[in-house]
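Peer 1: Using the sequences provided together with the hints, build the complete structure.
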Amino acid sequence: MLGTAAAAFYLTREEGIWILPGAALLIGISAWNSWRAGERLRPLIAPAGTATICAAAILVTVCTLNYRYYGWFGTVEFRAREFRSAYGALQRPVPSEQIPYVPVTRDVRLKLYQVSPSFAELKPCLEGPVGLEWANYSDFLTGRPGEELQIGGGSFIWALRDCVIASGHGNTAREALDFYRSIGLEINRACDEGRIAPARPRRNTMVPRWRPENAQRLRETVPGYAAEFFLFTGFSAYPTNSWGSADLLALFRDLTRWRLAHSDDAPELDFPLPSSVDHYRLAALRALGQIFRWLCVVLVISGLGTWAWTASDVLRHRTMPYLFVVATAALGSALAVLVVNMLVHVLAFRNRGPTALHEGYPLLVLFGATAWIIFLSRRIRPKYSAEPETSSPGIRYGN
Numbered sequence: 014m015l016g017t018a019a020a021a022f023y024l025t026r027e028e029g030i031w032i033l034p035g036a037a038l039l040i041g042i043s044a045w046n047s048w049r050a051g052e053r054l055r056p057l058i059a060p061a062g063t064a065t066i067c068a069a070a071i072l073v074t075v076c077t078l079n080y081r082y083y084g085w086f087g088t089v090e091f092r093a094r095e096f097r098s099a100y101g102a103l104q105r106p107v108p109s110e111q112i113p114y115v116p117v118t119r120d121v122r123l124k125l126y127q128v129s130p131s132f133a134e135l136k137p138c139l140e141g142p143v144g145l146e147w148a149n150y151s152d153f154l155t156g157r158p159g160e161e162l163q164i165g166g167g168s169f170i171w172a173l174r175d176c177v178i179a180s181g182h183g184n185t186a187r188e189a190l191d192f193y194r195s196i197g198l199e200i201n202r203a204c205d206e207g208r209i210a211p212a213r214p215r216r217n218t219m220v221p222r223w224r225p226e227n228a229q230r231l232r233e234t235v236p237g238y239a240a241e242f243f244l245f246t247g248f249s250a251y252p253t254n255s256w257g258s259a260d261l262l263a264l265f266r267d268l269t270r271w272r273l274a275h276s277d278d279a280p281e282l283d284f285p286l287p288s289s290v291d292h293y294r295l296a297a298l299r300a301l302g303q304i305f306r307w308l309c310v311v312l313v314i315s316g317l318g319t320w321a322w323t324a325s326d327v328l329r330h331r332t333m334p335y336l337f338v339v340a341t342a343a344l345g346s347a348l349a350v351l352v353v354n355m356l357v358h359v360l361a362f363r364n365r366g367p368t369a370l371h372e373g374y375p376l377l378v379l380f381g382a383t384a385w386i387i388f389l390s391r392r393i394r395p396k397y398s399a400e401p402e403t404s405s406p407g408i409r410y411g412n
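Going by this note's numbering, the sequence shown opens with residue 14, and the numbers climb by one from there.
Certain hints may be false.
[As the list claims (entries may be wrong)] Here are the in silico distance ranges between beta carbons for each label pair:
1) Pro137 / Met219: 16 to 26 Å
2) Tyr83 / Arg272: 46 to 56 Å
3) Arg81 / Trp45: 14 to 24 Å
4) Met14 / Gly156: 42 to 52 Å
5) Thr246 / Gly156: 18 to 28 Å
6) Ala61 / Thr253: 40 to 50 Å
Because the hints were derived from the structure by calculation, they are not lab data. Glycine residues also receive a C-beta, built at the ideal position from the N, C-alpha and C atoms.
Peer 2: Structural data, given as structure tokens:
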């Protein structure tokens with residue numbers, strides 16, 4: 014199960030790094046417990062080896078299929094060294110005007126066309142209809158009209174890939190990656206030789222560059238963002254409006270075989286008005302959702318208090334119940350979800366609400382439930398004996 018879950022996380026979501034704090038704590042505590050018991054790490058070798066083999070088998074299978082059909086032994090393009098090199102190189106030049114949430118401004122692109130023949134092949138597309146389409150999608154983020162062709166973070170990466178395909182370099186994965194490598198080499202060489210100046214240091218990553226103004230934005234964001242997370246804000250039974258061109262919306266509707274919410278851009282695709290039964294169903298669902306929301310809020314907030322009490326009790330008695338470890342691991346991973354998405358919101362594009370933080374809510378509920386279970390079990394049981402309880406496995410770390 015561990016190997017399968019690890020492979021699934023790696024394959025399905027690039028931001029799955031949030032699982033690491035909880036997984037590291039659980040594995041580390043198990044290793045420590047085994048070591049303290051005098052068994053060294055022998056009991057963990059077989060399960061750890063099995064999990065590693067299972068995860069590796071799944072990943073190798075996917076990579077092999079990609080190599081068989083697309084000519085590249087890998088998982089997704091965003092993890093490819095060539096793509097990261099190109100994307101990092103595009104962010105090296107310092108623009109004449111810093112525009113929040115715009116990783117590669119238009120004036121930077123115009124300079125890069127002159128020093129990179131490969132990137133210049135994308136000019137008709139990036140400065141044309143595809144660039145305009147993605148700039149229009151991100152005008153709410155950049156605060157600039159789409160006609161200025163300032164493409165925001167979260168959109169530029171897709172505009173770049175669309176233009177690579179439109180330029181005829183996307184017939185195979187290998188061809189596309191070779192093209193990205195050429196872009197990265199040409200731009201990095203120009204920056205290193207001073208033909209593009211000023212320029213930042215070389216960095217092969219998709220992480221946005223840190224700017225001085227980001228510190229202030231982060232300080233302003235943290236309180237409200239964290240409050241929305243811990244208060245389960247933003248849940249609604251009512252759908253938001255659809256957005257996009259009529260062609261894209263129709264394609265989405267046909268692929269999902271599901272009716273669309275209203276779209277101001279394509280009202281002709283609207284379904285007939287919902288019946289009164291649907292109206293009452295949504296109203297009832299919203300009311301139930303609000304009840305469960307506040308139950309979750311109470312569980313989590315009070316769970317923080319019980320977890321803190323248990324932590325102090327653990328320090329006094331020098332014994333750590335395993336459920337306390339589980340609660341701490343869940344809290345650590347939930348906080349990792351919060352931090353990762355908040356940094357994306359501050360550095361790259363607007364990223365908040367239940368859609369962004371959906372991985373963290375089950376972890377918060379798990380944390381609150383386990384925190385209360387261990388708190389009640391320790392209050393109900395008699396006072397601690399000199400030896401650890403056999404009915405509730407734990408970790409003793411003192412003499």
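Peer 1: Given the hint of 42 to 52 Å, check if Met14 and Gly156 actually sit that far apart at their C-beta atoms.
Peer 2: Once the Cβ atoms are compared, 47 Å apart, the range 42 to 52 Å for Gly156 and Met14 holds.
Peer 1: Starting from the hint 16 to 26 Å, judge whether the C-beta atoms of Pro137 and Met219 obey it.
Peer 2: Given a distance of about 25 Å, which is inside 16 to 26 Å, the answer is holds.
Peer 1: Does the Cβ distance between Tyr83 and Arg272 fall inside 46 to 56 Å?
Peer 2: violated (34 Å)
Peer 1: Is it true that the C-beta distance of Ala61 to Thr253 lies inside 40 to 50 Å, as the hint says?
Peer 2: holds (44 Å)
Peer 1: Against the range 14 to 24 Å, how does the distance between the Cβ atoms of Arg81 and Trp45 compare: consistent or not?
Peer 2: The hint (14 to 24 Å, Cβ to Cβ) is violated, given that Arg81 and Trp45 are roughly 43 Å apart.
Peer 1: Are Thr246 and Gly156 spaced within 18 to 28 Å by their CB atoms?
Peer 2: About 25 Å separates the Cβ atoms of Thr246 and Gly156, which means 18 to 28 Å holds.
Going down the numbered hints, you'll see the structure goes against 2, 3, while the others check out.
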